[in-house]
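Enquirer: Here are the chains, one letter per residue:
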Amino acid sequence: MRIALFATCIVDAMYPRTAQATVSILERLGHEVVFPAGQACCGQMHVNSGYLKEAVPVVANHVAAFDSADYDVAVAPSGSCVASVKHQHPMVARSCGDTALEARATAVGAKTYELSELLVDVLGVTDAAAQLGSYFPHRVTYHPSCHGMRLLRLGDRQARLLRSVAGIDLAELPEADQCCGFGGTFSMKNADVSSAMLADKTANIRSTGAALCTGGDASCLMHIGGGLSREGSAATTLHLAEILASTLEAPASVTGDVRVTTGKASR
Amino acid sequence: MSTFLGMPSLPVFGSGNLHAAESFPKAAHRELGNAQLRANLGHATHTIRDKRLQVVSELPDWEQLRDAGSAIKENVMARLPELLEQFEANFTARGGVIHWARDADEANAIVAGLIRDTGETEVVKVKSMATQEIGLNEYLEEQGIAAFETDLAELIVQLDHDKPSHILVPAIHKNRTQIRDIFLREMPDADPELTDSPAVLAMAARAHLRRKFLTAKVAVSGANFALADSGTLAVVESEGNGRMCLTLPETLITVMGVEKLLPGWRDLEVFMQLLPRSSTGERMNPYTSLWTGVTEGDGPRNVHLVLLDNGRSAALADEMGRSALHCIRCSACMNVCPVYERTGGHAYGSTYPGPIGAILSPLLTGIEAEENSSLPYASSLCGACYDACPVKINIPDILVHLRSKDVDSKRGTKKLPSQMDVGMKAASWALSSGKRLGLVEKGLPLGRLAAGPDKKISKLPGIAAGWTQSRDIPAPPPESFRSWWAREHGNPNDGVVPPQETATQGKEGQA
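Chain order of the listed sequences is A and B. Position 264 (the first sequence) corresponds to 264 in our numbering; numbering is contiguous. Just add 267 to the spot in the second sequence (first one is 1) and you have our numbering.
Hints are supplied without guarantee of correctness; some may be wrong.
Stated by the list, open to error - Some chain A residues close to chain B (C-beta under 10 Å, calculated; not the full set):
{"hint": "1", "residue": "Cys9"}
{"hint": "2", "residue": "Leu151"}
{"hint": "3", "residue": "Gly183"}
{"hint": "4", "residue": "Asn190"}
Claimed, not checked - Which bits of chain B does chain A cover? Going by a derived footprint, with three or more residues having C-beta under 8 Å, they are:
{"hint": "5", "stretch": "522-528"}
{"hint": "6", "stretch": "739-752"}
By construction, these hints were calculated from the structure, which means they are not laboratory data. If you're wondering where the values come from, they're calculated on a predicted model, not measured in any experiment. The beta-carbon is built from N, C-alpha and C at its ideal position, and this holds for glycine as well.
Chain B with its partners taken away, still in its complex shape (with noise of 0.2 Å):
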């Protein structure tokens, strides 16, 4: 008997580094407990928050370039399979190979087996979000292959056997006696003598890593950018490592989402002008590498592509929140957030932390993927993020978009509602008429004596203990503004038109 296996159902939800794998809130009291990351992290959010201020002050179309940035990546999300294929044809028309992947399990799968079939055992890397996403150094490691980190932060965080907790600035969360510390420990060259300032530690690992470079036969990258017009992949970076890698290898292999894409060269000046200074704050970033394809004499000689979908198409279903995609990994919107600043990105699980993070996580995992569905939670809604983000991704709107999933996703299916649902179901009875929440709030004397003679209340139960474990709740005053109201105006001032004239507008307006 033979099984039609047919087309996989929709929607494949991601999988990766893409799951927190406990809840926020438990996280982020442990971070919350580092004094040392809370103050390295303020100081890095600050510093890079100014600077960014500063250069996108000086731009007088800044609106007006985030606008285009916006409806640029928006007809790309809306034409994005004609995009993709349009790229497929140009990129293997000049020489180079397009691998299809539909999840992290099978882009690491492809990667491997492009490196097998090298022979080498060892490839340097470019600073990449999409391999981190996948898991691909770990998924190398279990293969035999083992992959250099060469961006100083990401070489930082792999030496340190940490995780990165920042997609720009990966080890945001050390200071530089911390990274002398790790130098010392981990790499097998360094001077004994190191001391903490940055120009000798960057010159210890300049080094450490110029053997890797002129050593390496493969080297694995991702891309900011690719050009659907041309096939041309894009490389943005400060350091110069990545070019190192993306010119000296024989064999290149680039990992990429497929919400990368852009129509042509006209919309990259829009995007490199946003960019640098959404990131790190500078008006130009120092090196941008572009390729196309394969150039004789000049490179590597094979250019492979590993097209990643990994949720993306499931993002894209997402009416509300697929406009997550547009993110071109500035990292602007962690730098703004007053939550970040004080968890750091490992609070939030997945390869992306912050406000991003919070939507985009959940977005590509489906929201009932294990502790994603908290990190919607992790945000007090004040809008900082969608002020600061590059192609204006409406966070705060998203983030209360993929709460609703949640709430919606988990209606009918517990045992007994929780204490939430309860005081939302009986919040909804008493707010949605002005008589009953008049009724409620008869009761206001009642708040006022169990205030006691202090007049605040300092302990409260269940849910509410999280407000108390910091703040006070005044005595509630004797009478409402509603009863004080009525008191002193009476009926005639209630603004409602008599009865006749509403007749056409329904019976909420006698309310």
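In isolation and in its complexed conformation, chain A is listed as follows (with noise of 0.2 Å):
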């Protein structure tokens, strides 16, 4: 299968481990990835703050990027993005009167899948150490993000995921459903109400005794990272492609820069 990634701005920028991460599952199952060079960001951080016209450019660079590569399925490393992707991408072309954007964001937008969901769903992943080497011998919390649990529908996709890798202990977060209390320019419009929520969650994690907490969205995960960074804890936060690409030859680093080597890369 011929799989567009779209990396999403945070990302491509902060986060490129995980980016690649997600090259090297998706390269060790056989796929072939490419990158659509036009991409840039979904746009929700737009549209969610009220910037409807400035959201505008942003989404019909999206979809120009993604209508006009070759590929059978796209995924993004982020349940967030593609619910603006799928949700909201649509609604913003009908806003500026846009009826042939629209059309094609739906298009878009129907052939765009979350990490998770293209794994299980779509590629048949059911035993990540089987099928993909996965291997992470740490004690590990998971928060599933409220776009990919309420959004997208993920259920326990990601969780059945992680129970699979070898070697992990997976520890269940208290009050997991709660929000993290990111929401993009939330936590600063709205800084006081956003810490409190984010000083639960961090809270929460460090009750469980994990080295770290894993997620869906390096978003949410920059948000708790930032936090637990802050309160000085030795827990940090990582995505869960980059677990998931972690094997016993070349494992992911809990901290620090080390890259997770791709399937191209490593051969």
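Each chain sits in its own coordinate frame; assemble them with the hints.
Expert: Take a look at the structure:
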């Protein structure tokens, strides 16, 4: 299968290891990965902050980058950005009266999957250890991000994948379904409430004794990781793609800059 | 010279207790500092949350019931003028009197006039959101009429000269020790040995209220539902105090928002399943009172209904926002909201707090009224409210819609654009082209430098200071994914189809 990677702006700029890990997983399964170079961002920051007009060119760019590329399905290591592509893009196009863009956005949205959704529903991954060689000998807890859980209805797909990683010690996170308080510009506009929500989330994470908290959205993980760092906690965050890509031979680093090698680079 | 006033120009926005007097972040900051409030609210919301989940999971057709509730309400909103007239005809035919009120002032004046006509100066009240919304108690007090709340929690709040902080559990912000202290201080007939046991407190309130029920000649209520096909009104409650007010006095005055209408009895069945489970987490509420006009020798002899608009027509005119009028005031959304759980209801200013309040208040008043434009931002858009709503109001989508209404209403009105305006414009430029984002990402090593040896950024200026008040930002990577990919794979794998194949797709395809 030819799979187009939508890296998402935050992963592209801040967490390239997550995108590299996604490439690695897909190549290990024997698929070809392409990266439509025109891509930038899904635009949900603009939409969710009320800047609909400013969101239009961002959405138009995403649609152009992905409907001109030749691929079977597109994937992003983020529930939130995929939810934006699927649900917000047609609405943004409608808001500016561009019916052609709306139709193209709907078509791109229909072909776009969140990583765990693609792995489980399309590529049939049920055992990460056996099918991907995933190995991660650490105590981990997992935060299911709101948009993956409530907008994409990912259910337990991410948790099932994590449980099937060899060596992992998956600790259940108390109040896992509660929002971490990120909410994009909410974290700045309502910084006090956001911080109060984050404090409860990090306390729950620390209560598990896990070395790190994983999840499917880099933005929530940056928020949670930023809170843990400020509290001086030893616990940190790591995207689930990096845990799935981690192997006995090339383990993912829990902290620091160690790069996960992709299938291509290791050959 | 005569002046032709003509039809009022639309929209007529709502007035009364629908406004945030200070911005939500400011009010939230103060409320967050109240540790007792946080503890009370955390305990109460989690208890109701769990109860609701349990009783909802018992019904195999819960999702279909939600769909039905949503569809019935959508139908009502589409046929509102016709249904209101049908209701008026039936209610009047059965001996009731209808009054139409455009806003809070009109409704208050009508109610005060009706009470004055009876010669009474005291009324008992059934718990009602509509009368809270219009500020009826305060208005009546100015007119020399004392209104006594008879719902236990409303009574607590009223005795404490406080405001409700939750639509179903108005005293959710108080625990039983605080309630005992209020009773001892404010209830002249309270036993000085009063303990804080819930049963003892309830008995004290019961004894206090019984005297009011037996002497009151006038009652004021709200209504949960109105059935157009028979002209029937319905009140759903737990304590039975409502039943007392609805049956004992001679005059009954009901104030109801026009959106409470249902076409008929068959529709009520759906809501009688949705409401108790969503609000108190009960399979069935203890008391459902239904009345149709006047019945000789049984109940009140003078039955009035004030039909209240107060911004509802304006909300109905908002295509994206109108489904907020489907709300049946169950409070499930606030019980699951992580923001409400931490700030409590007072932070929202309006009678309607929580997620539904964050959309309903600005829809009723207009987004530009006082500080109501700050309300749609009081959410992380986690979506828990939408999942819990028994009539499937897409609260997150309406929040986003109202945010864009706010941003648009301010475009061109400011002398200087805000930091957020400037940031969003710049981000729109950078994020609408892969090439431009790639250029910006060339600056990542600079951010890395700024982060220093501990590899984190802990203090940022301006609006970003909100982020760094409780979170660090990690040092950026030395290189973006985009740049790594180009190095590793070069151009062939960028997935772009050769130009001749995309000729029909426009020039964006070449980006």
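Enquirer: Look at each hint and say if it fits the structure.
Expert: The hints, checked one at a time:
The restraint placing Cys9/A at the interface with chain B holds, with a minimum CB-CB distance near 6 Å, inside the 10 Å limit. With a least beta-carbon distance of about 6 Å to chain B, the hint placing Leu151/A at the interface is held under the 10 Å criterion. The interface hint given for Gly183/A is met, as the beta carbon of that residue sits about 3 Å from the closest beta carbon of chain B, less than 10 Å. With 10 Å as the threshold, the beta carbon of Asn190/A comes within range of chain B, its nearest partner Cβ sitting at about 5 Å, so the hint holds.
Counting residues of the stretch 522-528 of chain B whose CB falls under 8 Å from any CB of chain A gives 0; the rule of at least 3 is not met. A stretch counts as covered by a chain when three or more of its residues have a beta carbon under 8 Å from one of that chain; for the stretch 739-752 of chain B and chain A the count is 12, and the coverage holds.
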